[in-house]
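Now for the letters of each chain:
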Amino acid sequence: MFKKILSVLMVVAMVACLFAACGGNEDAGKSDATTFQIGAIGPTTGDAAIYGQAVMNAAQLAVDEINAAGGINGVKLEFKAADDEHNAEKSVNAYNDLKDWGMQILLGTVTSTPCIAVVEEAYNDNMFMLTPSGSAVDCIRYDNAFRVCFSDPNQGIASADYIASQKLGTKVAVIYNSSDPYSSGIYEKFMAEAAVKGLNVVAQGAFTADTKTDFTVQLQQAKTAGADLLFLPIYYQEASLILAQADKMGYDPAVFGVDGMDGILTLENFDTKLAEDVMLLTPFAADAQDKLTQDFVNSYKAKYNEVPNQFAADAYDGIYIIKAAIEKSGATPDMSTEELCNALKGAMTQITVDGVTGLGMTWTADGEPNKAPKGMKIQNGAYVAM
Amino acid sequence: MEFLQFFISGLSLGSIYAIIALGYTMVYGIAKMLNFAHGDVIMVGGYLLFTISTTMGLPVWIGITGAVVGCTALGVVIERFAYRPLRGATSLAVLITAIGVSYLLQNLALLIFGAAPKSFTSIVTMPAMTFANGALTVTGESIVTIAICIVIMIVLTLFVNKTKPGRAMHAVSEDRGAAQLMGVNVNGTIALTFAIGSALAAIAGALLCSAYPTLTPYTGAMPGIKTFVAAVFGGIGSIPGAMVGGLLLGLIESLSKAYISSEMADAIVFLVLIVVLVVKPTGIFGKKISEKV
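Chains as they are written, first to last, in this note's numbering: chain A, 11 to 396; chain B, 264 to 556.
Simulated from the structure, these hints should not be mistaken for lab results.
The structure displayed is predicted, hence computed values, not measured ones.
Just so you know, even glycine gets a beta-carbon here, dropped at the ideal spot from N, CA and C.
It cannot be assumed that every hint is accurate.
[As the list claims (entries may be wrong)] To spell it out: a stretch of chain A is covered by chain B in this simulated footprint if at least three of its residues, at any positions, have a beta carbon under 8 Å from a beta carbon of chain B; those stretches are: (1) 52-60; (2) 205-217; (3) 220-227; (4) 243-252; (5) 276-289.
[To be verified] Okay, the calculated bits of chain B under chain A, using three or more residues with CB under 8 Å as the criterion: (6) 412-424; (7) 475-481.
Just chain A, same shape as in the assembly (with noise of 0.2 Å):
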């Protein structure tokens, strides 16, 4: 008896799912012709959780800035953020989820390889794409992706000359992720530019995500080597592993990463000790002292009650680009989705937006920006400029 009462109690609640959809659809199609519907899409949750919740914070904190200050020429924005669990099925999903809320346009994805299957729908649809934080190149392949941070190669082009510049290390090792293409993207550009740059590269250790927890010996290689200076361009998650292990094993190279160190400050109980002097090339410094990052950090902390990262400053200026592109479009939120992305990507290689994560940022039509990155490094667990 139990289990009949169970069961249709169950349809019950299964045909009211229906409904309930069914209404929401009907009013997102009704309100996309007065506000501008921005969707996002990121890992709230899950292994890279520090990065989606960093975008979302920080393009909620522009979308009401803009908002309390009167909207773009007089219209409203509205913000609805999808988690993705940086899983390229589930953001995918997430993307058409946004669709059926009503987006017009998408901030993101924040992760490369969901980005780079979002971006095929982005692309099918015509629907305009800004991508925070995705770095892989394949992240902005079709003429309506554009994104705000770095390119992988132009990662680790900008990391090889850095260190060649600077002289940080006289023998190099390199440790990254063979099976993530963020990671083995910036790799294979830093070797070659190393080889130009004649950085003396010692050892080269790869994992995969099934290997993911055991670097002793590829750090011993490192250590073998005698490597002085350890290339990190991965992650955070494997990054504070790494750092634990060469610390178990008396290996104290200097540590430089790029922007996936970013977040392992913040990682629980994390020892920020062995972070200590680890360097990283990131376009974004909490500290700098120019009004525009104060006033950002200012609001981000009082809202938020954390410094923004690296990928919150992206978010945060992707919002602010988005903004710029429309004005100077003067796209209006009834138009089609496919109108308004030919707007904004035209607009988008006229506009000058000076942001937190870079001033006078410009855009080529293939999607990149032009900004200069800043060498960062971390002592007594902050981050300063170097």
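Given chain A, put chain B in place with the hints provided.
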């Protein structure tokens, strides 16, 4: 000297595999089922220890005791409610249930602890030892892991061969029906097996997270699969087989990373497994049991 270093890191990895594999192999040997949830019990052990010792700030020994007691209870509960009702069912049904339990535990952990990784504080306070002017470093975790592994193997072998519940396990393993007719409490014996296996999982969880200090709801998944391989490698159902299988797996993984390719390590591990099974289908220590007419 470098070879020795790789050998030791393989040995320490292998010791953790061995402790986990013991849980697999005991359950298979006695209940004749593959407990795919075993890897996730390790993860639960890690989270219990993290919660008690790091979040609540209690001493480590309370954390370890809590993790062992919690995992033992969890193992017995899983056996009672997920596996015992299926005792007479096909082995496929039990296998699917085990996979279900595995996902259930992962998703519960996701719900309770969230997906953001946690950095684990090592339970081992012993400092690393260096030899030959720092060319060879043996971490405290390696020494403790290898020592605990040896102790567990000796205790377990004595328990199974010398005590009454241990002999009951032998009996249930050989012929469940006949054991029941002879007055052996079959359900009790299987529950005891799960209790021991899960307690070992808690210890393995503490050691795994100390050696590789990160904790996520999926921490147990990959070691779970690899140690299943180790158990099959050594001959599933055999206690020394699980030990040897685990150690060999760790060594092969570490040495192939060092001398062949760090990306290919897993491929090589599984290739060796295939070769061993082709040559000796029952594994290294597996006995071929002929059907009696």
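Here is what the structure says about each hint:
1. Given a C-beta distance limit of less than 8 Å, the hint that chain B covers the segment 52-60 of chain A holds, as 5 residues qualify and 3 suffice.
2. For a cut-off of 8 Å, the count of residues in the segment 205-217 of chain A with a CB near a CB of chain B stands at 3, and the three-residue condition holds.
3. Residue count for the segment 220-227 of chain A with a Cβ under 8 Å from a Cβ of chain B: 6. That meets the three needed, and the coverage hint holds.
4. Counting residues of the segment 243-252 of chain A whose beta carbon lies closer than 8 Å to any beta carbon of chain B gives 3, which meets the minimum of three for the stated coverage.
5. Note: the segment 276-289 of chain A has 5 residues with beta-carbon separation from chain B under 8 Å; the three-residue rule is met and the coverage holds.
6. With 0 residues having a beta carbon nearer than 8 Å to a beta carbon of chain A, the segment 412-424 of chain B misses the requirement of three or more and the stated coverage is violated.
7. Remark: the segment 475-481 of chain B is confirmed as covered by chain A, as 4 of its residues place a Cβ nearer than 8 Å to a Cβ of that chain, reaching the required three.
Hint compliance for this structure: hint 6 is the single one not met.
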